[in-house]
Each structure stands twice: as structure tokens, then as C-alpha cells.
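Student: What follows is the residue order along each chain.
Number of protein chains: 2
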Amino acid sequence: MSEARDQPTRKADTLRMLATQAIDVWVATASDAGVPYLVPVSLAWVGERAVIAVERSSVTARNLIAAGAARLGVGPTRDVVMVDAVLEKTVDVAADDALGAAYAAQADWDPRGSTGYVFFVLRPVRVQAWREANEMAGRTLMRDGRWLV
Amino acid sequence: MSEARDQPTRKADTLRMLATQAIDVWVATASDAGVPYLVPVSLAWVGERAVIAVERSSVTARNLIAAGAARLGVGPTRDVVMVDAVLEKTVDVAADDALGAAYAAQADWDPRGSTGYVFFVLRPVRVQAWREANEMAGRTLMRDGRWLV
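Those protein sequence lines, which keep their order, are chains A and B. Each residue of the first sequence is one higher than the last, beginning at 10 in this note's numbering. Each residue of the second sequence is one higher than the last, beginning at 10 in this note's numbering.
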């Protein structure tokens with residue numbers, strides 16, 4: 010196990026990871042009835058928001074619209090960034106040129122030509138980062154929407 | 010994008026992945042109030058059950074006990090096995106020698122000496138596996154607890 014990183018290092022690593030080209034995010038949501046859902050999708054990090062593009066009819070989209078909340082996992086399981094996020098807005102993929110361009114520039118696909126896809130713009134409220142057990146302490150980097158470091 | 014695998018190949022790959030040494034699983038659960046939770050933990054695949062060890066006081070444990078259901082993601086995001094599972098039983102880590110030995114043989118840690126940890130034995134009801142978009146068709150390998158291949 011390597012030495013635990015300090016919090017400024019973890020924040021820098023976190024921001025770098027969230028902005029990685031063609032990176033995916035695990036998106037956990039829940040239905041009204043409390044049924045958990047989970048799926049990996051492409052991530053874009055735009056203006057301190059996590060942006061995903063999913064079909065409007067998908068389970069993830071329906072859960073997000075109903076509950077307005079998701080928990081995101083990015084990175085391999087032993088170098089994770091966990092983000093609790095709330096739904097800020099949904100945007101039709103063809104409706105916002107700047108958002109569409111930013112998404113397509115980071116992700117390795119461009120949903121703007123895909124019928125039925127919607128951008129979900131998710132605002133982080135809590136961000137945590139850890140690699141192994143020795144980094145559980147100090148893992149919270151953002152709380153209540155504010156960076157602690 | 011490589012050629013889509015047939016279902017027998019996906020099942021064989023899936024069983025091999027679930028039995029991989031020191032592999033982690035993303036565990037998505039939800040609270041009674043429908044708040045999603047997600048965390049990566051070590052996985053053991055024992056007798057066609059997914060077994061995890063978590064602290065009894067953790068969010069994941071509380072959600073599993075209350076709701077009895079989880080959705081699991083294993084593997085990198087572009088070679089995933091997704092498992093919808095129900096809670097079959099919880100077992101104190103020191104209470105079942107065979108289970109404890111099987112868990113410790115696959116995972117890279119042994120929770121049997123850790124106070125407060127509990128095994129959650131999760132029974133798969135749906136299993137899906139895909140790598141990229143061309144494998145979305147044919148991704149369901151188990152439905153209603155029965156392998157389709």
C-alpha cells in the first residue's frame with residue numbers, strides 16, 4: 010500500500026481524473042420504490058458539473074428525473090472518486106451547442122445525432138477520493154457543495 | 010470495436026471474471042427513502058453467490074438489510090458484468106468456517122479478524138455482460154435466477 014495522499018494532492022488527482030479523455034462513470038440511482046440501478050456511461054466534466062448523456066426512456070434517466078440524485082463512481086476500484094450529485098438540469102442533446110461540444114470533446118462519442126438522448130447535468134454536493142484502506146481518513150474533499158481544500 | 014461475443018462465450022467470461030483473484034465489485038444499494046449508494050468492495054464468488062464483507066454499521070449493510078436488493082457491477086466499464094441480486098443471508102464473519110475460508114481465498118484480505126464485519130451472501134437473479142455498444146443485444150445471460158445459456 011502506498012503512502013496516503015494529502016488532501017490537496019487528492020483534489021488535484023480528482024480533477025485530473027474527472028477530466029480524463031474517454032473516461033466512464035458508474036452511475037447509481039434508485040427508483041421511487043427504492044430499487045437500486047447502476048450502469049457505466051461516458052463522463053464529461055464541464056464547469057464543475059458531471060455531464061452524462063443517456064436515453065430519455067432509460068432506467069437511469071427515469072430515476073434521475075424522479076429522484077434528482079445520483080451517486081457516481083469514477084476510476085478503478087482502488088483509485089476511486091465518489092461523487093454524490095443532484096440533478097441541476099436536463100438538456101436535449103441538440104439544444105445547447107456549447108454543452109454538446111464540451112461533452113463530445115471529452116467523451117469518445119457524440120450523442121448529438123442520436124434520437125432520444127438527453128444530457129443530464131449533475132451538480133456535485135459531496136466528493137470523496139481514496140485508493141486503499143489507509144486513505145479512508147481524509148477522503149472527503151467536498152461537502153455540501155463546497156470544496157474543503 | 011471487436012466482434013460481439015456469443016452468449017456461451019459471455020457466460021464463460023462472466024464466470025471467469027467473477028472468480029478472479031482480488032477483484033472488486035461496485036455495490037449499488039438504495040435507502041428506504043430512495044437515496045442511492047455506491048461503493049467498491051472486494052468480491053468472492055462462492056457457490057454461484059456473490060459474497061461481500063462490510064461493516065454492519067455501514068450504509069451498504071443497512072440498505073441491504075432494509076431492502077434486500079443490490080445491483081452489482083464487476084470489471085472495467087467496457088467489459089462489465091452486471092448482476093441484480095437479492096440478499097440470501099447475512100453471516101457473522103466468524104460464524105461459518107467454509108464461507109470465511111472461501112472468501113479469504115479469493116479476496117486479498119481476510120475479514121474474519123475484524124470486529125463488526127458481516128458477510129452478505131447475495132443471490133443473482135439477473136446477470137448481464139457486455140463490452141461495447143455492439144454487445145447490448147444479447148447481454149442478458151440470467152433472468153429470474155436461471156441461466157439462459
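Hints were generated in silico from the structure; no laboratory data involved. Certain hints may be false.
[Said to hold, decoys possible] If you want a taste of the chain B side facing chain A, the calculated C-beta under 8 Å gives, among others:
| hint | residue |
| --- | --- |
| 1 | G43 |
| 2 | Y46 |
| 3 | P49 |
| 4 | G82 |
| 5 | V89 |
| 6 | A111 |
| 7 | S123 |
| 8 | G125 |
[Unchecked claim] Covered by chain B, according to a simulated footprint, are these stretches of chain A (three or more residues, beta-carbon under 8 Å):
| hint | region |
| --- | --- |
| 9 | 46–58 |
| 10 | 76–83 |
| 11 | 86–94 |
[Stated by the list, open to error] Residues of chain B placed beyond 10 Å of chain A at every Cβ, according to the derived structure:
| hint | residue |
| --- | --- |
| 12 | M26 |
| 13 | A28 |
| 14 | T86 |
| 15 | A107 |
| 16 | A110 |
| 17 | R132 |
Note that beta-carbon positions come from the ideal geometry of N, C-alpha and C, so glycine has one too.
Student: With reference to the structure, classify each hint as holding or not holding.
Tutor: Results for each hint:
1. G43: Status holds, d = 5 Å.
2. Y46: 6 Å, holds
3. P49: Constraint on B/P49 satisfied, holds at 4 Å.
4. G82: With a minimum Cβ separation of about 5 Å from chain A (threshold 8 Å), the hint on B/G82 holds.
5. V89: 6 Å, holds
6. A111: Violated - the Cβ of B/A111 stays beyond 8 Å from chain A, reaching only about 20 Å at its closest.
7. S123: With Cβ-Cβ at 11 Å, over 8 Å, it is violated.
8. G125: At about 14 Å, which exceeds the 8 Å cut-off, the nearest Cβ of chain A leaves the hint on B/G125 violated.
9. 46–58: holds (count 4)
10. 76–83: It holds, with 6 qualifying residues against the three required.
11. 86–94: Holds, because 4 residues of the region 86–94 of chain A bring their Cβ atoms closer than 8 Å to Cβ atoms of chain B.
12. M26: The claim stands: B/M26 keeps its Cβ more than 10 Å from every Cβ of chain A (closest is about 13 Å).
13. A28: 17 Å, holds
14. T86: Its Cβ does come within 10 Å of chain A, the nearest being 4 Å, so this is violated.
15. A107: 26 Å, holds
16. A110: Label holds. Min Cβ-Cβ 22 Å, cutoff 10 Å.
17. R132: 15 Å, holds
Going through the hint list in order, the structure does not satisfy hints 6, 7, 8, 14.
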